[in-house]
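Same order as they appear, the protein sequences are chains A and B. When you number the first sequence by numbering that gives the first Met the number 0, it's gap-free, plus one each residue, and the end is 223. When you number the second sequence by numbering that gives the first Met the number 0, it's gap-free, plus one each residue, and the end is 807.
Bear in mind the hints are in silico, worked out from the structure with no lab data behind them. There could be a bad hint or two in this list.
Some residues of chain B that are not near chain A, with every Cβ distance over 12 angstroms (derived) [said to hold, decoys possible]:
(1) Asp220
(2) Ala224
(3) Pro318
(4) Lys323
(5) Leu336
(6) Thr421
(7) Asp446
(8) Leu517
(9) Thr521
(10) Ala672
(11) Ala784
If you only want the chain B side, here are some residues facing chain A, beta carbon under 8 angstroms, derived [said to hold, decoys possible]:
(12) Tyr117
(13) Glu213
(14) Arg216
(15) Tyr217
(16) Asn231
(17) Ile315
(18) Gln496
(19) Asp498
(20) Ser499
(21) Ile500
(22) Ala510
(23) Met518
(24) Pro520
Now the in silico label distances, taken between C-beta atoms and shown as ranges [to be verified]:
(25) Ala221/A to Ala402/B: 53 to 61 angstroms
(26) Phe62/A to Glu330/B: 21 to 29 angstroms
(27) Ala165/A to Arg619/B: 33 to 41 angstroms
(28) Thr205/A to Gly523/B: 38 to 46 angstroms
(29) Arg796/B to Trp30/A: 44 to 52 angstroms
(30) Leu105/A to Val736/B: 20 to 28 angstroms
Remember, it's a predicted structure, so these values are computed and weren't measured experimentally. Glycine is no exception: its CB is placed at the ideal position from the N, C-alpha and C atoms.
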Amino acid sequence: MRFGVVTFPGSCDDVDARLACARVGEAVRLWHADRDLDGVDAVVVPGGFSYGDYLRPGAIARFAPIMDEVIAFAEGGGLVMGICNGFQVLCEAGLLPGALLPNTGLRFLCRQVGLEVVRSDTPFTTACPPGAVLSIPVKHTTGRYHVPPEMLAELEARNQVVLRYAAGANPNGSVADIAGVVNEAGNVFGLMPHPEHAVDALTGSTDGLCLFASIRDTFTRATA
Amino acid sequence: MIGLLIRLLRWILGGAPLEPRAAAPPKAAQANTAPAKAGPGKAAPAKAARARPAAQESAPIAGAADPPGTTRPPGRERALELGLTGPEYGLIVNKLGREPNEVELAMFSLLWSEHCAYKHSKKLLRTLPTGGPKVAMGPGENAGAVDVGGGLVVAFKVESHNHPSAVEPFQGATTGVGGILRDIFAIGARPIAILDSLRFGDPGTRATGRPDGERTRYLLDRAVAGIGHYGNSIGVPTIGGEIYFEGPYEQNCLVNAMALGLARGDRMIRAAAAGPGNVLILFGAATGRDGIGGASVLASAELGETDAAKRPTVQIGDPFAEKKLMECSLELVDADLLVALQDLGAAGLTSAAPEMASKGELGIDIDISRIPLRETDMEPFEIMVSESQERMLCVVEPERVDAVLAVCARWEVGATAIGTVTDREYVRILDGDRLIGEMPVRALVDDCPVYDLAPAPPEHQIYPAPARTLSSEDPGDALLALLASPNIADRRPVFEQYDSIVGSRTVRRPADADAGVLMLPTRGQAHPAIAASIDCNGRRVACDPYNGTIEAVLECASNLACVGAEPLGLTNCLNFGNPERPHVAWQLTESIRGLADACRALGIPVVGGNVSLYNEAGGRPIYPTPVIGMVGELPDARRAGRSGFQSETDRIALVGGFAGALPGSELARLGGAELPTHLPAPDIAAVARAQRAIRRAVRRGALASAHDIAEGGIAIALAECCLAGGLGAAVVLPDTVKPLRALFGEGPGGFIVSGSEAAMRSLARHTPVFVLGAVGGQTLSIAVAETRIELELDQLREAYGGLAKLLT
C-alpha cells in the first residue's frame with residue numbers, strides 16, 4: 000500500500016514518518032501547496048513545527064491547500080493519522096475532537112514514555128498486542144490534550160480514547176492521561192507520542208511499528 | 000540612526016580602550032613586532048598612520064552615499080570609536096590611498112575586528128596540526144569535514160555566542176545555534192546534530208535563597224530554552240553537551256554551540272566566488288537593523304555595566320525561516336545549481352561577500368538598492384553591516400538564475416540578484432548607479448595586521464579560591480555533595496528540553512553514554528556510526544593552561560572510546576579573556592600549545608575552530624575555556640557502548656593507569672581550596688593505550704558498560720554508572736594511603752567498566768586493569784582502607800537530581 004506523508008513548511012518529522020511507513024509499505028511525500036493526494040491509500044500528517052507554530056500549533060497548516068484534500072479523503076473514509084504537530088493540525092481542522100494546550104510544565108519535553116493501548120480494535124491498533132504498554136517517545140511543548148468534561152464523557156462513552164499514558168507517565172497534564180484519540184467514525188487518529196521514532200531497536204524501541212503495521216493490515220484486509 | 004550606532008559603538012571606548020600594544024606595521028615589519036618587550040612607548044607607530052592625505056580633509060561635505068573620495072571622510076576619531084586602533088586606521092588609509100568613507104570605514108572596522116580577523120590568535124592557530132588522511136575539508140571554510148566512508152563526509156564546527164547571550168540569553172542562544180547550523184549547510188551538508196557547551200556563574204540554591212544566584216539561574220533557564228527553541232523547531236537533534244557553574248563566569252557566561260552535518264563528499268560546496276560575470280544572489284530573510292555592529296561591539300570587547308543598552312546589537316532568531324532556508328539551500332546544492340555558497344553571520348554582507356571574493360581571488364559588485372529591507376530608511380552602511388539572521392549568499396551562473404529563484408520560491412524563501420562577480424579584485428558597493436564604496440579585496444579581508452601576544456605567566460594564581468560549601472569530612476557526605484554539585488548533577492532536566500531523536504539517527508541519547516552516537520546509512524550488512532563529544536573543564540585549564548587543555552582533549556577522546564569510537568577530527572572554541580593582558584596571552588599561548596601537542600600525540604587533526612576573546616567583566620577574566628568538540632567513527636552502531644551498569648554479578652574494573660589527585664578537583668572546589676598553579680603532566684601515550692584498549696573491547700561487544708572518570712573521581716564515576724543502569728555495586732579501591740584522594744581524586748585516563756571476568760582479563764593484556772568488585776543490589780558500597788561508604792541508590796538519586804531545582 001501507499002502512504003502519503005504531508006510536508007508543510009516547518010515539518011520536521013516528515014522524513015522520519017516516511018522512513019517508518021516505508022518499513023511496512025510504500026511512502027511518498029505530499030506537498031502542502033498541492034491539491035492532489037497522489038493516489039495514496041493512507042495519509043500521515045507528521046510532527047514538527049509547521050509554519051513555525053506561529054499563531055498556534057497547527058492553526059496555519061490547517062489552511063494549506065493539501066488539507067482540503069486530506070479533509071475530503073477523511074470524510075470519504077480514508078485512513079488519516081496525525082502525529083504530534085499532525086495531531087494539532089487535525090484538531091484545528093475539526094477532524095478530531097479536543098485541543099492541545101501547553102504542557103503543564105510549560106517547557107518542551109523529550110522523553111520515552113509508556114503508552115497503554117486502550118483499544119486494539121481500531122484501524123490503527125489492530126497489530127498492537129491488546130493491553131500492551133508501548134515504549135514510545137514524546138517531544139512537544141503543546142501536548143496537553145484537553146476536552147471539556149461533558150465532551151470527555153462522550154469521548155469515553157464512544158470508546159474514542161485509543162492510547163493513554165501509562166500510570167505515572169503522563170508527561171504534559173493531558174486530561175484522563177489521553178495520548179491518542181480517534182474520530183467518531185474511527186478512520187482519523189491523532190496522537191502526541193511519536194511512533195515513527197520507535198521503529199528501530201538501534202534508536203531505542205520498535206514498539207511504534209505496530210501502529211504503521213495496523214494501517215497496512217487494515218487497508219490490505221479492506222481491499223482483499 | 001547613525002547617532003544610535005555611534006552611541007552603541009562608543010562603549011568600545013568607554014568599556015575597553017583598545018590602545019595599540021603593537022603598532023600596525025607594514026607587512027614586512029610584522030615578524031619583528033614584540034609588543035611587551037618593546038613597551039608601548041617604544042612601539043613604532045606605523046608610517047601609514049601619518050600618511051593621511053591632506054587633500055581629503057578639505058573635501059566637500061556630503062552624505063555617505065556620495066562616490067568614494069568625494070565624501071568628507073568620517074576620520075580617525077570615528078575609526079577609534081568603531082574599535083580600530085590608530086595605526087590600523089593609518090594602514091587602511093595607506094591601502095586605499097585615501098581616507099575611507101562611512102560605508103568603507105564600517106566595513107573595515109568589522110572585517111578588521113578580532114571576531115572576523117583573529118588578529119590576536121591567528122599566529123598561534125597556525126601551530127595546530129590540520130592535516131590527515133581523513134580530512135575532507137580543513138580550516139578556512141565555513142566548517143571542517145572528515146571522511147566517514149561510503150562517499151560521505153561529516154562536517155562539524157563549534158562557535159561561541161557568549162556576549163550576545165550575556166546580554167539577552169534566549170536570543171543569544173537561539174542565534175548561536177542558528178549561526179552554527181548555517182555554517183554547516185553552507186558547505187552543502189545536512190545538519191544532523193547539535194551539541195552545546197554552557198558556562199554560568201554560581202547558581203546558589205533555592206533553599207538558601209541566596210540572591211546572587213538569581214541571574215545565573217535566569218541565564219541558564221533562558222539559554223537552555225533558546226537552544227531548544229531553535230534546534231527543536233528546525234528539526235536538528237541535540238545529542239549532547241556540557242554545563243559548568245563557576246564564579247568567574249558570573250558576569251560573562253559562555254554559550255558555545257557545535258553542529259554536525261552529513262554530506263556526500265563529491266557534493267560539498269565551497270565559499271569561493273568563481274566565474275566573472277556570475278550572479279550574486281542573496282536569499283532568505285529581509286535585511287533589517289538587528290545586530291548592527293555585533294561583531295565589533297559585542298564579540299570583540301569586554302562586557303561592562305551598560306550591557307542592557309547593547310540589546311539592539313543582539314540579533315533575533317527565527318527557526319522557521321531558517322528551516323525553509325536550510326531545505327532550500329540543500330535542494331539548490333543537491334540540484335547542482337550553485338557555484339559557491341556562503342552564510343551571512345557576524346558582520347553580515349560585509350563579511351560574506353568580500354570573503355567569497357577573497358577565496359576566489361576575484362572581485363564583487365553589490366548593488367544595495369536591490370536588497371530587500373525590513374525598514375525603508377536604512378543607511379547604506381547599515382545595510383552592509385546588518386546581522387539580520389537567516390540569510391545566505393550564493394554565486395550562480397547567469398543561465399541558472401531562474402532555476403535558483405524557482406527553488407527559492409517553492410520553499411517560500413525570498414531571493415534577489417544583488418550583484419556580480421568581477422575579475423578585478425575589488426569589492427565595489429553601489430547604490431543603484433552611484434558608487435558608494437570601493438576597496439581592494441586583499442586590504443579588506445587579508446591585510447588586517449596580526450599581532451604577537453605578549454605572554455607572561457602571572458606570579459601567583461589570579462583566580463580567587465571558590466566559596467567553601469562543604470564542611471563535612473565524611474566521605475559519604477562528600478559523595479552526596481559532589482553528586483548534588485551543579486557541575487556533576489544529572490543533566491536530564493536540561494537534555495529533556497531538547498529533541499534528541501529527530502532525524503532517526505540517534506543511537507545514544509544524552510545520558511545514555513559518554514558520547515552521543517548517530518548511525519550513518521547502512522552499507523550492505525554494516526551499520527556504521529559516528530560519535531560526538533564536547534568538553535572542557537575550565538577550572539583545570541585555569542590551574543594549568545597547558546596540561547588542562549591536554550586533559551580536555553584526552554577527555555573527549557576518552558568519551559569517544561567509551562562508545563567504541565575512534566577520533567577522526569577535532570574542532571575547538573577558544574574562550575579567553577582580553578589577550579592584551581599578559582597573563583591572558585600566556586593562558587592562550589599555553590592552551591594552544593597543549594592543544595597542538597595533544598592532537599599530535601593522538602593523531603587527531605584540527606579541522607576548524609573559533610576564537611572568542613575579551614570574555615571578561617570588570618577586568619576579571621573567565622577561566623580560560625578551550626572547548627573541544629570531537630567526532631569519531633565506529634564500525635557497528637549495534638555495539639555502541641553505554642555508561643550504566645547492565646547486569647547483576649558483572650565484574651567492575653578500574654581501567655588505565657589512573658592516578659587521581661585532589662588539587663583542582665571538584666571536591667577541592669566544594670572545600671573552598673585555592674586553585675593550584677600546576678597539574679600533573681598527563682602521560683598521553685598511556686592514556687592513548689587505555690583508550691585504544693577500551694575502544695577495541697567496546698567494539699567487540701566485550702564490555703557491558705564503559706564510563707570515563709572525570710569530575711568527582713572514581714567514586715562519582717561509580718555512582719553515575721549505578722544511577723544510569725539502576726543497579727548497585729560493591730567495590731574495594733586499591734589505594735590505601737589517602738582514602739579521599741582514592742575516592743575523589745581527578746586526572747585523565749581512567750575508566751570504570753563492567754563485564755565478564757574474561758573481558759577484564761582480555762583488557763589487562765593492553766592496559767592496567769584493577770578488578771574492584773561486582774554489580775548488584777540497590778546499594779553503592781565502596782571500601783578503601785578503613786573507610787566505608789554505603790549509600791542506597793535512592794539517596795544517590797535524590798542528590799543527583801538537584802539541577803531541576805535551578806530551572807525556574
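C-beta pair Ala221/A, Ala402/B: status relative to the range 53 to 61 angstroms that was hinted: Check failed, 43 angstroms falls outside 53 to 61 angstroms.
Is the hinted range of 38 to 46 angstroms satisfied by the C-beta distance from Thr205/A to Gly523/B? violated, 22 angstroms
Could you let me know if the closest chain A CB is still more than 12 angstroms away from the CB of Asp220/B? It is violated; Asp220/B is separated from chain A by about 9 angstroms at its closest Cβ, not greater than 12 angstroms.
Grab the minimum C-beta distance from Glu213/B to chain A and call the hint holds if it beats 8 angstroms, violated otherwise. violated, 19 angstroms
Evaluation of the interface hint that places Gln496/B against chain A, nearest CB under 8 angstroms: holds, 5 angstroms
Using 8 angstroms as the Cβ threshold, decide whether Asn231/B counts as touching chain A. Asn231/B check passes; min Cβ-Cβ to chain A is 6 angstroms, inside 8 angstroms.
Quick one: are Phe62/A and Glu330/B within 21 to 29 angstroms, going by C-beta? holds, 24 angstroms
Exclusion check [Lys323/B not at the chain A interface, CB over 12 angstroms]: Violated, since 5 angstroms does not exceed 12 angstroms.
Quick one: work out the minimum CB distance from Ala784/B to chain A and report holds if it exceeds 12 angstroms, violated otherwise. holds, 42 angstroms
Does Pro318/B really sit off the interface, with its C-beta more than 12 angstroms from all C-beta atoms of chain A? At about 7 angstroms from chain A, Pro318/B fails to clear the 12 angstroms cut-off, so the statement is violated.
Can we keep the Met518/B interface hint, with Cβ of chain A closer than 8 angstroms? holds, 6 angstroms
Just double-check Thr421/B for me: nearest Cβ-Cβ distance to chain A has to come out over 12 angstroms. holds, 36 angstroms
Going through the hint list in order, the structure does not satisfy hints 1, 2, 3, 4, 8, 9, 12, 13, 14, 15, 17, 22, 24, 25, 27, 28 and 30.
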